[in-house]
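Enquirer: Position chain V against the provided structure of chain P, taking the given hints into account.
These protein sequences, in sequence, are chains P and V. Each residue of the first sequence is one higher than the last, beginning at 1 in our numbering. Each residue of the second sequence is one higher than the last, beginning at 1 in our numbering.
The set of hints was computed from the structure by calculation and includes no laboratory data. The reader is advised that the hints may include incorrect statements.
Stated by the list, open to error - Cut-off 30 Å, straight-line C-alpha distance, at most; resulting in silico cross-link-like pairs (DSBU-like, lysine-lysine): (1) V/110 - P/131; (2) P/131 - P/44; (3) P/61 - V/79; (4) P/61 - P/44.
What the hints assert, rightly or not - Here are the in silico distance ranges between beta carbons for each label pair: (5) P/41 - V/78: 31 to 41 Å; (6) V/99 - P/13: 27 to 37 Å; (7) V/186 - P/17: 25 to 35 Å; (8) P/71 - V/195: 25 to 35 Å; (9) V/186 - P/41: 19 to 29 Å; (10) P/62 - V/186: 25 to 35 Å; (11) P/88 - V/169: 29 to 39 Å.
Ideal placement from N, C-alpha and C gives every residue a C-beta, glycine not left out.
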Amino acid sequence: MLDRVGARRVLLIAALAVAVLVGAVAATNLQDQAVYYLTPSEAKAQGIVIGRTVRLGGLVKTGSMSSADLRGANDFRFVITDGTVDVQIVATGAIPGLLREDAGAVVEGAFVDDGTFHATQVIAKHDEVYKAPPAGATPAHRTGFP
Amino acid sequence: MTETTIPRGNTLPRIRPWLGIAAAASFVVASVMALFWAPTDAVQGNVYRILYVHVPLAWLAYLAFVVVFLASVGWLWTKNPLFDAIAVASAEIGVLFTGLFLVAGSIWAKPTWGVWWTWEPRLVTTAIMFVMYVGYLLLRGLSTDFSRRATRAAVFGIIAVIDVPIVHLSVLWANSLHQLPTVLRAGGAPALDSSMLLTLMVSLGAYTLIYAYLMTSRISLELARQVRLWTT
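With the rest of the complex left out, here is chain P (with noise of 0.2 Å):
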């Protein structure tokens, strides 16, 4: 009914190794080569190409924030930065509640003739810190029940 046991021991450590040998090619090649977003500094030394949609990343400039009652105007303007290089995002649609300034945003778009960079979607990141607000203090997004 059952196979020999020693072809399955056989099959064991081969199965060990192929899934040791994919887990390493995986670590090193998709690393470097899954880019889910370019920082300012990689888009500029990469060569802008303008109308070529990518993703850009970085921390929205302080200061550099339209108004919240802009938000969904389609003119929203902030700079994404990441230190080195500023880039002014001109965004269209849909803000995120959670786009504040000095914390991470992803942008996807394409870099328009006057060097400003035209984002159709724009995503807002958040740390991995959870804690409660100070006393007295409101949560900068209030979303959820009341």
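Expert: Same frame as chain P, now just chain V:
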């Protein structure tokens, strides 16, 4: 067929109802703590509370696939059919939990990131994990020869587990969107308030009991199927 004819795991039917009661009770406690007792988050507000569902489900999915791996090694090493029952049970629950934590993550992503889905490393590697274990379950349907089916599945179960550490470490790759690990941080205390950590641990306990309950149920079912397979 009554449960007394199950050849192995005779203690399972006895502890199962108690596991079920413990799982249900701890789930209620965890839900109350997550929704009402834990403080809101300073940045995200109340929406962060989905963490108490998303994170335990993700960890239990990892655990489920590691159990598939260990049971697959056990089958290939010993030919004991109990290991195949453990592997299929854990794989099914792992697929269920992965599907649920992907949905929970998506529901969390829309109000915070602003998108339901995006092709960033953690999400892509998780989607691959989901599809691979759905494939594992499909592979099990390709043969009715018990031994052949179990051996093929075991080889797949050993190779597929390699995506589990890749999913966990993918957030450490450059230029990802998903936040870094909060609890299992390299060289640091968990980055959340102690009351939040306690709530998360109670939730983790509850989902672990749910996993254990589902495992005992599914393993019993599979052992009964094995008996039927060999007696007909």
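Enquirer: It remains to establish, for every hint, whether it holds in the given structure.
Expert: Tested hints:
{"no.": "1", "hint": "V/110 - P/131", "result": "holds (21 Å)"}
{"no.": "2", "hint": "P/131 - P/44", "result": "violated (37 Å)"}
{"no.": "3", "hint": "P/61 - V/79", "result": "violated (61 Å)"}
{"no.": "4", "hint": "P/61 - P/44", "result": "holds (18 Å)"}
{"no.": "5", "hint": "P/41 - V/78: 31 to 41 Å", "result": "violated (56 Å)"}
{"no.": "6", "hint": "V/99 - P/13: 27 to 37 Å", "result": "holds (32 Å)"}
{"no.": "7", "hint": "V/186 - P/17: 25 to 35 Å", "result": "holds (28 Å)"}
{"no.": "8", "hint": "P/71 - V/195: 25 to 35 Å", "result": "holds (33 Å)"}
{"no.": "9", "hint": "V/186 - P/41: 19 to 29 Å", "result": "holds (26 Å)"}
{"no.": "10", "hint": "P/62 - V/186: 25 to 35 Å", "result": "holds (29 Å)"}
{"no.": "11", "hint": "P/88 - V/169: 29 to 39 Å", "result": "holds (35 Å)"}
Going through the hint list in order, the structure does not satisfy hints 2, 3 and 5.
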